[in-house]
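Chemist: From first to last, the protein sequence lines stand for chains A and B. So for the first sequence, my numbering puts the first residue at 1; every next one is plus one. So for the second sequence, my numbering puts the first residue at 1; every next one is plus one.
The set of hints was computed from the structure by calculation and includes no laboratory data. Note that the structure is predicted; figures quoted are calculated from it, not measured. Ideal placement from N, C-alpha and C gives every residue a C-beta, glycine not left out. Treat the hints with caution; some may be incorrect.
Calculated pairs, EDC-like style, for lysine to aspartate or glutamate (alpha carbon to alpha carbon, straight line, at most 20 angstroms) [stated by the list, open to error]:
(1) A:Lys44 with B:Glu32
(2) B:Lys95 with A:Glu57
(3) B:Lys95 with A:Asp101
(4) A:Lys38 with A:Glu57
(5) B:Lys95 with A:Asp53
(6) B:Lys95 with A:Asp59
Counterexamples of contact, computed for chain B against chain A with all Cβ distances above 12 angstroms [claimed, not checked]:
(7) Asp62
(8) Gln78
(9) Glu80
(10) Phe105
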Amino acid sequence: DAMVIQNPRYQVTQFGKPVTLSCSQTLNHNVMYWYQQKSSQAPKLLFHYYDKDFNNEADTPDNFQSRRPNTSFCFLDIRSPGLGDAAMYLCATSLSGTRADTQYFGPGTRLTVL
Amino acid sequence: AQRVTQPEKLLSVFKGAPVELKCNYSYSGSPELFWYVQYSRQRLQLLLRHISRESIKGFTADLNKGETSFHLKKPFAQEEDSAMYYCALGTGGFKTIFGAGTRLFVKA
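Using the sequences and the hints given, assemble the complete structure.
Modeler: Rendered as structure tokens:
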């Protein structure tokens, strides 16, 4: 089945130690998104890629970076994780990114910062 | 401001009872609205889109532009409907705004 895969499902890191989260898709979608979701809150968009074009949300901290080396893979890099970065990180894809486009989500990676 | 509000964090109903999950939005243009659902231990997935005007798993949602609402309804709740439900608004520029979600608990 075509799908969105995230690895690892659980990630524990130390305060200030860089960490990378991975997302891959077999849907061949043009757009890939990264969301941060904290407990009892709405998923919050961090950034997206349309093909190779990167777009950062205005309020996404500089500590968060992303890479998309090819259509299938997208990475979220947190350069110096703080305790406040502990959250569920969701990767999603959509075919074209239009307003009416459905998003397809991965299972998420739960990040713990010690 | 673009915003999605789900006023209830938790909604508990008995099996067979009607259920309505509320969603209100704020958007200056013509809205594109969605309901996403997350069942226990599963990923977030689309339940329905207002543009499709369809019923999925017995759920329907009607866009009311006058009240800026997109409430999700089902006439007879089932235990398997227990899940987290998110209302979402598709805006321009690849951005979808999600509400904080409502947890539906259907009691036997």
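Chemist: It remains to establish, for every hint, whether it holds in the given structure.
Modeler: Results for each hint:
1. A:Lys44 with B:Glu32: holds (18 angstroms)
2. B:Lys95 with A:Glu57: Given pair Lys95 (chain B), Glu57 (chain A) holds - Cα atoms ~9 angstroms apart, limit 20 angstroms.
3. B:Lys95 with A:Asp101: Holds: Lys95 (chain B) and Asp101 (chain A) sit about 10 angstroms apart, inside 20 angstroms.
4. A:Lys38 with A:Glu57: Since the Cα atoms of Lys38 (chain A) and Glu57 (chain A) sit roughly 17 angstroms apart, the hinted pair holds (cutoff 20 angstroms).
5. B:Lys95 with A:Asp53: holds (15 angstroms)
6. B:Lys95 with A:Asp59: The hint holds at about 13 angstroms.
7. Asp62: Holds, because the least Cβ-Cβ distance between Asp62 (chain B) and chain A comes to about 17 angstroms, which exceeds 12 angstroms.
8. Gln78: holds (23 angstroms)
9. Glu80: holds (20 angstroms)
10. Phe105: Non-interface label on Phe105 (chain B) holds, nearest chain A Cβ at 15 angstroms vs cutoff 12 angstroms.
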